[in-house]
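Novice: Listed here are the chains, written in short residue letters.
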Amino acid sequence: MQDTFETVLESNKDKIFRICRIYAMAPIEPQDLFQEVAYQIWRSLESFKGKSSINTWVYRITLNVCLRAKKKSKKHYEKFSSLESIQFLPSEENQDEDQLEKFAALRSCISTLKELDKTIVLLHLEELPYREIAEVTGLSDNHIAVKMKRIRKHLYNCITSTL
Amino acid sequence: MKENNQNEVWKDIKAIWNKQPESATINIQVSQLISEFKDKIRPFERDLITKDIALIKSLTSDFEKESIRKDITLITSSVKKFIDWLKGN
Numbered sequence: 001m002q003d004t005f006e007t008v009l010e011s012n013k014d015k016i017f018r019i020c021r022i023y024a025m026a027p028i029e030p031q032d033l034f035q036e037v038a039y040q041i042w043r044s045l046e047s048f049k050g051k052s053s054i055n056t057w058v059y060r061i062t063l064n065v066c067l068r069a070k071k072k073s074k075k076h077y078e079k080f081s082s083l084e085s086i087q088f089l090p091s092e093e094n095q096d097e098d099q100l101e102k103f104a105a106l107r108s109c110i111s112t113l114k115e116l117d118k119t120i121v122l123l124h125l126e127e128l129p130y131r132e133i134a135e136v137t138g139l140s141d142n143h144i145a146v147k148m149k150r151i152r153k154h155l156y157n158c159i160t161s162t163l
Numbered sequence: 001m002k003e004n005n006q007n008e009v010w011k012d013i014k015a016i017w018n019k020q021p022e023s024a025t026i027n028i029q030v031s032q033l034i035s036e037f038k039d040k041i042r043p044f045e046r047d048l049i050t051k052d053i054a055l056i057k058s059l060t061s062d063f064e065k066e067s068i069r070k071d072i073t074l075i076t077s078s079v080k081k082f083i084d085w086l087k088g089n
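Which chain is which? The protein sequence lines are A and P, in order. Counted the way this note's numbering counts, the first sequence spans residues 1 to 163. Counted the way this note's numbering counts, the second sequence spans residues 1 to 89.
A couple of the hints might just be wrong.
[As the list claims (entries may be wrong)] For the chain P half of the interface with chain A, some residues (derived, Cβ under 8 Å), not all of them:
(1) 4
(2) 6
(3) 14
(4) 17
(5) 24
(6) 25
(7) 30
(8) 65
(9) 67
(10) 68
(11) 72
Think of the hints as simulated: they come from the structure by calculation, not from any bench. Ideal Cβ positions, reconstructed from N, Cα and C, are used throughout, including at glycine.
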């Protein structure tokens, strides 16, 4: 059980954090969301039946935590706040100003999308095939394709007017 | 033409997403993490479960009281009818 948990968390931690960064809104930090996702994975791992891929399952948990975060207070996350076993160290990569600006613009454009569209585009950016996005969201593959067409257009207009 | 532009912009968007800056390096000590979860969460969940049980008990007891009261009324009325029937014979 511990080995599986370690494998799942280690192999998915970066993508979990990328999604948490998009959904985090002050006073809730991406780190708060990440810690809760880790807890939910640990708590639910035993009941994972393997009906979907572990990838899809992790995304579903991450998105559930992130979407529910709006309804929870900072106090809810305080029970995780002093987890010493998870450390978030600032990346040592050079901060490219241009990249920072572009990412801020993308993040801002994604934030203008409706919740469901935001979920779909994040999963698409994470390279999930439509079939798996459909599994996570409960929509059909075709519906995802139609929505992605509209979302791409929206983001195109938003990004080109921002940058 | 516009579609080509959209495709190009979409490629850029994907590139921005994949090269996103400010990403933190996350170090996790899994065995310690599990111990921390157990230590932190158990009392919290135990409190929640205790509250739930108290709530269920209080609701159940009200429900049961009402149910017993109805049963007694029904039995009393049946017995009364039976006695009246006996008296009639």
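Novice: Minimum Cβ distance from residue 24(P) to chain A below 8 Å?
Specialist: Nearest chain A Cβ about 4 Å off; hint holds.
Novice: Holds or violated: the hint that residue 67(P) contacts chain A, with Cβ atoms closer than 8 Å.
Specialist: At 35 Å from the nearest chain A Cβ, residue 67(P) fails the 8 Å test, so the hint is violated.
Novice: Taking the closest Cβ pair, is residue 6(P) under 8 Å from chain A?
Specialist: 5 Å, holds
Novice: Taking the least C-beta to C-beta distance, is residue 65(P) closer than 8 Å to chain A?
Specialist: Residue 65(P) check fails; min Cβ-Cβ to chain A is 36 Å, beyond 8 Å.
Novice: Can residue 17(P) be said to touch chain A, with a Cβ gap under 8 Å?
Specialist: With Cβ-Cβ at 4 Å, under 8 Å, it holds.
Novice: Is the interface hint for residue 14(P) satisfied, with its Cβ closer than 8 Å to some Cβ of chain A?
Specialist: 6 Å, holds
Novice: Do the numbers back the hint for residue 68(P), that is, is its least Cβ distance to chain A under 8 Å?
Specialist: 38 Å, violated
Novice: Report holds or violated for the interface hint on residue 30(P), using the least CB-CB distance to chain A and a cut-off of 8 Å.
Specialist: Nearest chain A Cβ about 4 Å off; hint holds.
Novice: Per the CB criterion, is residue 4(P) less than 8 Å away from chain A?
Specialist: 11 Å, violated
Novice: Holds or violated: is there a CB of chain A closer than 8 Å to the CB of residue 72(P)?
Specialist: 44 Å, violated
Novice: Can the hint on residue 25(P) be confirmed by a CB-to-CB distance to chain A that is less than 8 Å?
Specialist: 5 Å, holds
In summary, the numbered hints that this structure violates are 1, 8, 9, 10 and 11.
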